[in-house]
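Undergrad: Sequence:
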Amino acid sequence: EHSTVVGRVWLSVLFVFRILILGTAAELVWGDEQADFVCNTQQPGCENVCYDAAFPISHVRLWVLQIIFVSAPSLVLVGHALHLLRAQQKRQGQSSRGAPRLRLEGTLLRTYICHVIFKTLFEVAFVVGHYLLYGFRVLALYRCNQWPCPNVVDCFVS
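If you use full-length UniProt numbering, the sequence shown corresponds to residues 1 to 158, in order.
Hints were generated in silico from the structure; no laboratory data involved. On a predicted model such as this, the values are computed, not experimentally measured, just so you know. Cβ coordinates follow ideal geometry from the N, Cα and C atoms, glycine included. A portion of the hints provided could be inaccurate.
Unchecked claim - Derived Cβ-Cβ restraints for the label pairs, each shown as a range:
| hint | residue 1 | residue 2 | range |
| --- | --- | --- | --- |
| 1 | C114 | F156 | 41 to 51 Å |
| 2 | P56 | S158 | 14 to 24 Å |
| 3 | Q92 | V127 | 37 to 47 Å |
| 4 | N48 | V138 | 16 to 26 Å |
| 5 | G129 | R8 | 22 to 32 Å |
| 6 | W147 | V127 | 25 to 35 Å |
| 7 | P56 | L84 | 34 to 44 Å |
| 8 | V76 | F136 | 30 to 40 Å |
| 9 | R143 | L121 | 30 to 40 Å |
| 10 | Q89 | L109 | 14 to 24 Å |
| 11 | A87 | W147 | 31 to 41 Å |
| 12 | E123 | S58 | 13 to 23 Å |
Between the sequences and the hints, there should be enough to build the whole structure, so can you do that?
TA: Put into structure tokens, the structure is as follows:
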């Protein structure tokens, strides 16, 4: 009700393309990521350490964290709008049924602008963070020389 057309489309994309796909497809594809990570060593613990070095954060958990952070500014905006609406109703002595619309001005406008800025910053930060962690390609071969591996170990993502 207090969003622009772009804001409503953004919210729809967030829920449809992220939450539904994350809940259905992502868990099937990335569910047990470590099972397909194989290293050519028998040293105990080496494969786990190399996997942690290659993939420091689970993709699915990173995406869930992104959804939480990107959704938070919208929840703050809705909470602020509801607070202002209740305060306006209290001043005018109205019930919640024929409630007048709030105009996007004053503190609500500032909250809306902050909401858009923070939402955009969170989106950009997560894209940059994802790129810095993983890049845009998953290499088939990962060379690992972490302790407790006895030497440089070749690990494969299948």
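Undergrad: Looking back at the hints listed earlier, which ones does the structure fail to meet?
TA: 11
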